[in-house]
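Student: Build the full structure now, drawing on both the sequences and the hints.
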Amino acid sequence: MRAKKSDIFKALVIISVTTLLVVNSKSIANQSRVKFVDFISPVLKTVKTAASSVRAIIPFATLREENRILRERINLLNRRIDELKVLSAENDRLKTLLAFRKSVPYSTIPAQVIGRDPTNWSNSIIIDKGSLNGLRENRPVLFTKGLVGRLIEIGRTSAKVLLITDPNSKVGVLIERNRQGGILAGRPDGRCKVVYIALDSDVAPGDKVITAGFGSVFPKDIMVGVVTRVGKEPGRLYKYAIVKTAEDLSKLEEVLCIR
Amino acid sequence: MYKINRFQIYLIILAVLVLQAGILNSIKIFGAKPDLVLISVIFFALFFGSGAGLESGLIAGFLQDLFAFDFFFANTLTLGLTGFIAGLISNNFFKDSSRAEFLAVVFFTIWSMSLHYIFIWLFSKPLSISYPEFFISAVIPAGLYTGLVSIPLHKIFINIYNLKEADDYL
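Note that the protein sequences, when read in sequence, are chains S and B. Heads up, the first sequence is in our numbering, so the first residue is 1 and it goes up one at a time. Heads up, the second sequence is in our numbering, so the first residue is 1 and it goes up one at a time.
A portion of the hints provided could be inaccurate.
[Said to hold, decoys possible] Result set (BS3-like, lysine-lysine): computed pairs, CA atoms no more than 25 Å apart in a straight line: (1) S:Lys251 <-> B:Lys28; (2) S:Lys193 <-> B:Lys28; (3) S:Lys85 <-> S:Lys145; (4) B:Lys95 <-> S:Lys244.
[Claimed, not checked] Just so you have them, the derived chain S footprint on chain B, three or more residues with Cβ under 8 Å: (5) 60–68; (6) 83–97; (7) 131–145.
[To be verified] Derived DEER-like restraints, expressed as beta-carbon distance ranges: (8) S:Ser103 <-> B:Pro132: 27 to 33 Å; (9) B:Tyr10 <-> S:Arg136: 31 to 37 Å; (10) B:Pro126 <-> S:Ser103: 35 to 41 Å; (11) S:Gly213 <-> B:Ala100: 38 to 44 Å; (12) S:Val86 <-> B:Pro132: 26 to 32 Å; (13) S:Ser103 <-> B:Asp96: 44 to 50 Å; (14) B:Pro126 <-> S:Ser107: 58 to 64 Å.
For the record, the hints were derived by calculation from the structure and aren't laboratory data. In this text, a Cβ means the ideal position worked out from N, Cα and C, and glycines have one as well.
Tutor: In structure tokens, the structure reads:
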């Protein structure tokens with residue numbers, strides 16, 4: 001199709017005007033640009049501020065996440081520290097137990113306390129060793145500071161220890177200082193009482209109480225506890241002494257059983 | 001009267017007994033530890049009647065006898081009787097009151113420990129502690145301690161059971 005004369009004329013006019021504008025555009029262009037930039041600058045400023053804020057927020061989000069992770073790590077490490085403290089305490093106890101085990105002239109088996117008498121009347125513990133480990137009835141049970149009790153019921157993999165604080169427990173004992181004899185009996189309140197102490201005996205608070213070794217159950221000279229109070233029951237021909245056990249028997253976690 | 005599943009009673013008593021045998025020794029005060037088993041038996045007796053009290057008491061006592069080293073059935077008898085008597089007063093008892101629960105538990109702790117002392121005194125070896133001394137040094141601390149622990153435990157039990165009429169009958 002051939003172009004019309006009028007179209008050609010229009011095209012020439014547009015090209016001429018554009019050419020003129022291009023040739024003389026410097027001032028026009030500058031003004032236009034300045035005005036345009038002026039016009040757009042608030043928008044740019046807003047966008048820039050927004051962008052800056054976004055840039056500021058993005059690290060915060062990252063920081064928050066980092067903070068969360070670090071907090072979790074702190075919690076984890078704190079738990080580890082707590083676990084290590086428990087392990088360290090256990091390690092110290094076991095070291096003491098091992099040293100004590102080497103020092104006693106008996107063959108012993110270490111055992112862990114896994115349960116206790118649930119009543120307020122009796123005082124016995126359950127340990128995790130039994131006949132399979134060579135335990136036998138009526139064998140003494142010790143810990144590092146002194147006598148704990150004796151084995152009374154032996155299962156294959158567990159055993160029950162009658163503590164010296166149980167009302168059914170009776171142990172022949174001596175006051176170490178004056179070799180005065182007596183019978184140590186347990187009480188439901190968790191303490192012990194030495195009875196049948198001669199009236200003329202000078203037993204006093206602070207005296208150490210040791211096993212007498214009279215019977216066949218407990219060896220001689222094992223530490224039992226310390227006298228805290230001495231008294232005389234009315235109508236009786238002997239004194240008694242209240243004894244604090246060498247070990248805190250309510251907090252035992254491991255024991256040594258003599259084979 | 002509320003109703004309860006018998007199996008739940010046994011399960012709770014067993015759980016409480018294991019808890020008591022396992023860890024409660026570490027929170028002894030004046031040689032006494034809270035008797036959760038007794039609290040449970042009293043709770044069952046007060047809310048579900050003397051039958052439930054007797055039954056839960058006998059079961060709990062029998063389980064305690066398996067742990068203990070007294071003459072067998074001392075705990076069975078003591079807890080069975082305690083549960084039964086607690087059940088008898090349940091109709092005249094304001095069950096939702098913590099104070100009433102505290103007083104009931106203190107009373108029944110004193111009652112059951114005294115009963116235990118009498119049983120041991122009658123049927124077992126001679127005791128190295130007189131009753132007044134036993135009462136002051138063991139019964140009173142245990143009674144108060146158990147009573148105090150019973151207040152939150154009572155609320156926990158009430159929430160567990162949501163004490164409404166249930167489908168199962170004891």
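Student: With a Cβ-Cβ cutoff of 8 Å, does the stretch 131–145 of chain B contain at least three residues near chain S?
Tutor: holds (count 5)
Student: Tell me if the straight-line CA distance from lysine 95 of chain B to lysine 244 of chain S falls inside 25 Å.
Tutor: Status violated; Cα separation ~42 Å.
Student: Verify this for me: three or more residues of the stretch 60–68 of chain B with a beta carbon less than 8 Å from a beta carbon of chain S.
Tutor: Holds, because 3 residues of the stretch 60–68 of chain B bring their Cβ atoms closer than 8 Å to Cβ atoms of chain S.
Student: Has the given pair, lysine 85 of chain S with lysine 145 of chain S, been kept, meaning a C-alpha gap of at most 25 Å?
Tutor: Holds - the C-alpha atoms of lysine 145 of chain S and lysine 85 of chain S are around 22 Å apart, at most 25 Å.
Student: Does lysine 193 of chain S pair with lysine 28 of chain B here, judged by a C-alpha cut-off of 25 Å?
Tutor: Measuring from Cα to Cα gives roughly 20 Å; hence the hint holds.
Student: So the hint says 31 to 37 Å: do the beta-carbon atoms of tyrosine 10 of chain B and arginine 136 of chain S match that?
Tutor: holds, 35 Å
Student: Honestly, do serine 103 of chain S and aspartate 96 of chain B meet the 44 to 50 Å range at C-beta?
Tutor: violated, 59 Å
Student: Between proline 126 of chain B and serine 103 of chain S, is the Cβ distance one that fits in 35 to 41 Å?
Tutor: For serine 103 of chain S against proline 126 of chain B, whose Cβ atoms are near 37 Å apart, the range 35 to 41 Å holds.
Student: The hint says 27 to 33 Å between serine 103 of chain S and proline 132 of chain B; measuring C-beta to C-beta, is that right?
Tutor: Between serine 103 of chain S and proline 132 of chain B, where Cβ atoms are some 43 Å apart, the hint is violated.
Student: Verify the proposed pairing of lysine 251 of chain S with lysine 28 of chain B, using a straight-line Cα cut of 25 Å.
Tutor: Within the cut-off at roughly 9 Å; holds.
Student: Please count how many residues of the stretch 83–97 of chain B have a CB within 8 Å of a CB from chain S and say whether that reaches 3.
Tutor: violated (count 0)
Student: Can the suggested window of 26 to 32 Å be confirmed for the beta-carbon pair valine 86 of chain S and proline 132 of chain B?
Tutor: violated, 42 Å
In this structure, the hints that do not hold are numbers 4, 6, 8, 11, 12, 13, 14, in rising order.
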